[in-house]
Each structure stands twice: as structure tokens, then as C-alpha cells.
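Enquirer: Chain B: place on chain A using the hints.
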Amino acid sequence: MSPTPKRPRRESRRSDPALFAGYKPLSGTFDEYFDPTRAPRSEAHRVIDLLEALGRAEFRSRQQLANATFLQSGITFSVYSDQRGAERIFPFDLIPRLVPGDVWARVRAGLEQRIQALNLFLADVYGPQRILAEGIVPKALVLGAKSYEKKVRGIVPPGGVHVHIAGIDLIRDPEGEFLVLEDNVRTPSGVSYVLENRGVMKKVFPRVFGNARVDPVEEYTTRLREALDAVAPAPDEDASTVVLTPGPFNSAYFEHSFLARRMGVPLVEGGDLFVDGDKVYAKTTLGPQRVDVIYRRIDDGFLDPEAFRPDSALGVPGLMRAYAAGNVALANAVGNGVADDKGIYPFVPEMIRFYLSEEPKLGQVPTYVCARDEDCRYVVDHVGELVIKAVNEAGGYGMLIGPQSKKKQRAEFRAKVLANPRNYIAQPRIELSTCPTWTGRGVAPRRVDLRPYIVSGRKSWVLPGGLTRVALVEGSYVVNSSQGGGSKDTWVLGEEHS
Amino acid sequence: MISRVAESCFWLNRHLERVESLARLLDVNFAFQLDVTLPEAERWLPLVVVVGQEADYRSRVPASQVDRAERVQSYLVWDEKNPVSIVSALGWARENARTIRETISLEMWETLNSAWLWLERKSTRNLYDRDRHAFYVSLRDRCFLFHGVAQATMLHEDPFEFMRLGTALERASQTARILDVKHHSVGPGERGVETPAEAAQWLAALRSCSGVEPFYKRPENTLSGAAVARFLLFDPVFPRSVRHNLLRARNFLGLVRPGDGSPVGERSERLLARTLEHVEALDPQAQVGKTLHETLTRTVGELAAICEAIHDEFFDPAPVAEPQSQRQTGQSQTQT
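Each protein sequence line maps, in turn, to chains A and B. If you read the first sequence in my numbering, its first letter stands for residue 1, the second for the next number, and so on. If you read the second sequence in my numbering, its first letter stands for residue 1001, the second for the next number, and so on.
Read the hints as simulated data drawn from the structure, not as lab findings. Here the structure is a predicted model, which is why all the values come from computation and not from measurement. We treat Cβ as the ideally placed atom computed from N, Cα and C, and that holds for glycine. A hint or two may mislead.
[To be verified] Using C-beta positions, here's what the derived DEER-type ranges look like:
no. : chain 1 : residue 1 : chain 2 : residue 2 : range
1   : B       : Glu1294   : A       : Pro91     : 30 to 38 Å
2   : A       : Gly154    : B       : Asp1260   : 46 to 54 Å
3   : A       : Lys361    : B       : Ser1123   : 52 to 60 Å
4   : B       : His1311   : A       : Ala313    : 43 to 51 Å
5   : B       : Arg1121   : A       : Asn480    : 44 to 52 Å
6   : B       : Ala1031   : A       : Glu237    : 57 to 65 Å
7   : A       : Ala324    : B       : Ala1055   : 48 to 56 Å
8   : A       : Asp16     : B       : Arg1121   : 30 to 38 Å
9   : B       : Gly1148   : A       : Phe249    : 25 to 33 Å
[To be verified] From chain A, some residues computed to sit far from chain B (all C-beta separations above 10 Å):
no. : residue
10  : Glu182
11  : Gly271
12  : Gly442
The shape of chain A in the complex, shown without the other chains:
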């Protein structure tokens, strides 16, 4: 007999309840792992078996390992409010979100179609304005939008590409249908977490991962580099591509640095660049170096103090002159905000029909445009049932979730909508799908969305999966990292395994 261990084992595998035991999907909501009868979906069988084989104690210790890895690797975001400029890790949940390959193929086609239409829309509104002339999208809505940038009317960006990088937020309705919730075609962030999450998953779940046959995501930075190189304005051997960041204090700095690192291009701040003779140069230790493609992670308003906000210390004076002269490509193009404006969103299906003569392949959430009298009246009468959003806000701010609101908040929003109807849209609350998520004690359903990334140079490429954001707070619908959201790895499963 072997000697008695000094301490009893903390938890024996046998007394350990199965990871998913007692899991109850929410009624009226699509669950990514289980059908309403609590039977595992076909694509989830294998992953459930693999995770349960680990046992709860082991799962918990791997979750801790994952958190330690993020901190050790400095995969963090900066928190503005914190005095020391502390960096936090973006909470990460180990249970992956699964997307069967055939479902993904349809989503991908829908995304490609949507980006194509949004790009044509931008080329049109900053060019001939056909869609406005034909009254498909109200002229006043576009030209009167804060996000419409008059200064770039007539400028055709290199290669005609406006939307080089897009992040389209998708949700899944109770029937499991993917719907577009929001377009992001200015400077969408989060893709670095997709890649880093995947790296951490491989490290903590090598066996699970190896047996699941998941579409790889590492290609992203290569594809991004190709797309950027494809829009370089003129062949100039000595010109280079850079990533432009607002600096280390920006909350997404980690991502800017990550992308520059993985693409093998310099990461620059506004102060590192200057414009001379309508050409852009970087200050280097060997003298000025031509720059002809800038993946900028600075908002339009801060790009060039000569053209936009004169108080901006982040930008490059004269950059817009160089852009207008066609000497530099900016990714994304300037003025894209008008395409992902919440007020324009309701018209995207019409854009698809207008420019592509196709029916939209991806649905979207029905939307009341308060600028229309009829819609406005409906919204004001049904505040308690709707999600009301200010068109100029993002990150889950400036928004009212009617069914979860207090009477006073509803009255406030009613007054706001009446005072400035053009600033608001409203949508029915969609029961976002849920995904099993570790709560610290067990596994419970939490609501998720999905942000796939689309990269476009000569043609478009969709990253398999994307960033799954999860509302970690029980009952919450808000997945934003600034408001208690976390993320998950997203597994697009090869079709033979779905």
C-alpha cells in the first residue's frame, strides 16, 4: 500500500458534479448549446463531453490559469478613470461560443454583401449622391447628420475603398436567426482579443481544442496587411505602412500595438508624423521616411488640427491636404461615420437592394426612426417596451432599455425624444441568445452578441467567427466591456463536425 497522503485530496473527481449538470436555458431565448428541451445541440455534443471530462475543479484551475496568462502577457485595456492609469484584463470566459460551419457560411455571405453596399453608399454620398437624388435615403437625414463630413466630398480614396476594416455587431433572436444590431465602419476595435483569446484557449485547453476542429483566426493580421498594401496610392518602394495610435493612454492601446507587431509595421503617434509638400513623413533616426498608408486608430475629428478640431494634439497637421492630394491612404477612410450612424442603419436593407439589386442575406432589427412623425408617436407611447438609442452615442451609453427601466427614466427619455426626435431611434428588445458561461460556482446562461470582422482591400475577407462578447451579470443585456461585459472565444466548426 502506498503511504497515506499528508493532506486529503481537495476534491475527488467522482464527487465532482458534471460541469453542465443542472444547466437551464432561459425560456423564450435561443441558447447556443442546448435546445429548449435541454438536449445538447448537435454541434455542442463534442465540446460538452470534452469539457465535462475535465471536471469542475480542473475547469476552475484552468480559468485561473487563463486569467494569469492575460495579466502576465499584458493583454489588458487601460482604465481612464483610474488614477494610476491601471490596466485591467478584459474578463474572459473559457466556454467557447460555437457556430456550425454551414450557419457561418450564410452569415459570412451576408456580411460581405452588407460591407459592399456600405462601401458603395459612402462612395455615393461623397460623390454623385444618386441614392439621395432618388429618395431612397432621405437627403436631409444624410447631409444633416453630424457624421456627414462635407470636407471629403469629391475625394475618392485610393482604390475606391472606404471601409477597409469593419466590425458588424450581430445578435441571435429567439429562433436562432442572426440579425445585424449595429455597423461599425470607423475604427472598430476588439480583434486583438479574438486572436489573443484563441492563443490562451490553445494553451489552457490543448486537448479540447485539438479535438474540436476549429477554423483558425491567425490569418487576420496577414490579411489586414495585404488589404492595406493593396490601397497604397502610388508604387513607391521607399514608402511604408504605419499604424497610427492616439498613444499609450488610449484604452485600446494594447490592440494598436498588437496589430503593428503582428503586421510588422511601425506604430506611430501623431507627433511622429509630419506633412511637407502634401506628403506624409515619419521622423526616423535616419531622417524623414515617406509614409503612404496609415491604419489610423484616431477618430476623424482628431486626425488633422488644420482641418478639424484645432485643439487636437493627437493628429498630424496637414494630413487632410496630403489625403486630398491622393498621396496617402487612410484606413478607414474619412467620413465613414455617416454609414454606421444609428439613424442611417434602418436604411441599409434599401441600400443593398439599390446598389446590388439583391435581397439582404442578413436580417436586422426592426427600427423606429423618431425623425418620422408616425414612428416618433409610437415610440413615445411605448417607451416601456422598446430599447431607445441616441444616434450619436456608442459603448452602451445614451440608451434606455424600456422593459428594465424605472418610471422616472422613462419620463426623461420621453422628454428627450420629443425635444429632439432626429437624435433617437428605437427598437424592440431582442432576447439576445445565451451561451453557457462560468459564474465562479457553476455554469449558467449569459447573454452574448458577436462582432465579426471584415477586412477589405481588393476584395473582402471575413475573419471566421469574431469577438463574442458576453454580459457576465445575470439578467444583463449589456455586453460592453466598459459595463461588465467579458469575452469568449468563438469557434467556427468545420462543417463535417457540425
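Expert: Frame of chain A; chain B shown alone:
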């Protein structure tokens, strides 16, 4: 490479060198002051002088407490308001690294980040309280690890040379300061036969530069002020001698200069050559106990001037597309 990035490379290593040098200095002093009988004021305060923070320290600590051992050590290790404390310098090193992660290797970042996370940990504070020697050794080892990882994982091109340039210039300056302060502690007078207390001071100077064994590898060396000064200033291959670091700095500077007759780096190189000349002309035998302090103060000042020249020439260039000289040539041609 981007000028700002070059500056961060340079400073990353300067800060790290300060961490390593200070950790060693504190560790050596900890053992040294146990061995010798010294007035309170000569035990710890000189370390504040070495790092050039005497004025700041005195302005923030009550006069009755300035000599206290724990007060000095905590000021030099943990005080975030002291810009050259270990916690500040390591924090700056890490912050510089964080802003150039696309330039350094992943392994370098992880080494430095883990050093920083270690320093912030409560258990590390306990280690400091319980076993100070182990704390300093661990800190020093983390700096060594970084240099080794850099050597083994980073591309050996301009960013690497700027980092090594930073190390060389900072190290030259640290060695000059350590020598200066020990020289001051021993005091003036004719040097021939050292008293045991004086010998202990010179030995501590060598230890503070990891130089005891290398010193004795030179058969002509016996423990005297002049010999120690000569070794720390001149030895061409001792990794912490002033001369060795100036020679290395000259080499790295040559590697990062643009070439093709570009004026960038000319001034830095000229200043560096002059300092090297001054150092090589020193006569420790004649100066120890007399004018060595003035000479070393001048050397430290010259090193600072070199760093300023590097800043002006490499890190903060004028925003014009063509070098000034070419432009002027162009203009004069149209005039004639």
C-alpha cells in the same frame, strides 16, 4: 526607425540600468555597514548622493531622520515620488517597453512585465522585510534576465543598438558616481597604505560594480584607492568601467548613424570622443585624495551632454522632408 521609438529604447535600458545598479549598491551597502564602524551619516546617506537625489530627499525627510537606514532604503526602493527609486525606474522601464511592444520581442516584454508584477506583489514586500539580500539579488537577476532575453530574441539592428547605447552611457555614469562617492567617503589625503576602514570602502566600491573578482584577475592590483580608481575608470574590458562603456557607446553610435555623409549623430560622436579623451588622460595616482572629485563631476556632466546631443540629433529631428543642408545647397544653386 521612428525617433520616438528610438528614444524609448534608449530610456528603457537606462532605467533598467538604474534599477540594477541601485539594487547592487543597496545590497553591497547593507553588508558593508555591518562590517565597519561608521558614523550614522556615512552609512546610508551617501547612496542618496550617488543617485543625485540629495536635495529632494532632504526636502522631504525631517532633518532628524535623514540618516536612518530604513528611511534611506525605503526612499530608494519604494518611494514613487523619487523619480530614480527602484519602483519608479522599473515602472518607467516597463512603461517605455509598453509603448514599444511592436519593437521589442514578446519575450522581453514578458520578462519585464513579470518583473513589474513581481515588484507590485505583496509577497515581494514581505521578502524585502524578511530577507533584504534575497530581494536585491532577485531584482538584479531579473535585470540580467532581460538583457539575456534581449540578446537572444531581438533583432540585432537599430532598436537594439539604441538600447545598448542607453545601457553603456548610463553604466559609465553610474560607475563614475559610485567611485566619486566612495572617494568622498574615504576623504582627502596622501594615499599609500590604506587603513582597514579605507580598504573596506574601496572594496565596497568594487563590489558595487560587481568588480572584486575581475579586479584581482589583474596581477598588478592591490587594494588601494589609486588601483581601484584606475580599474573602474580605465580597464578596457571590465564591463562596468567608464572607459569600456564609452568605447561601447562609440561603437553603438557608429552603428545607428545614417551614413552617406549625413550630419545626424556628428555632434554626439564628437562629444563622446572628447569625453573618452578626457577619461584616458586621467592620472588616478595623482588625483586620488585630491582632484578626482572635480574630474568625475566633469565626466558625469559630459555624459549628460552626450545624452542631450543624442536626444537632439536622433530623437527630436526637425519636421522637414529633406535635411537642412541639402535644402540650402538647392537654394544656393538657384541663386548662382
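Enquirer: Of all the hints numbered above, which does this structure not satisfy? Sort the numbers upward.
Expert: 1, 2, 4, 5 and 11
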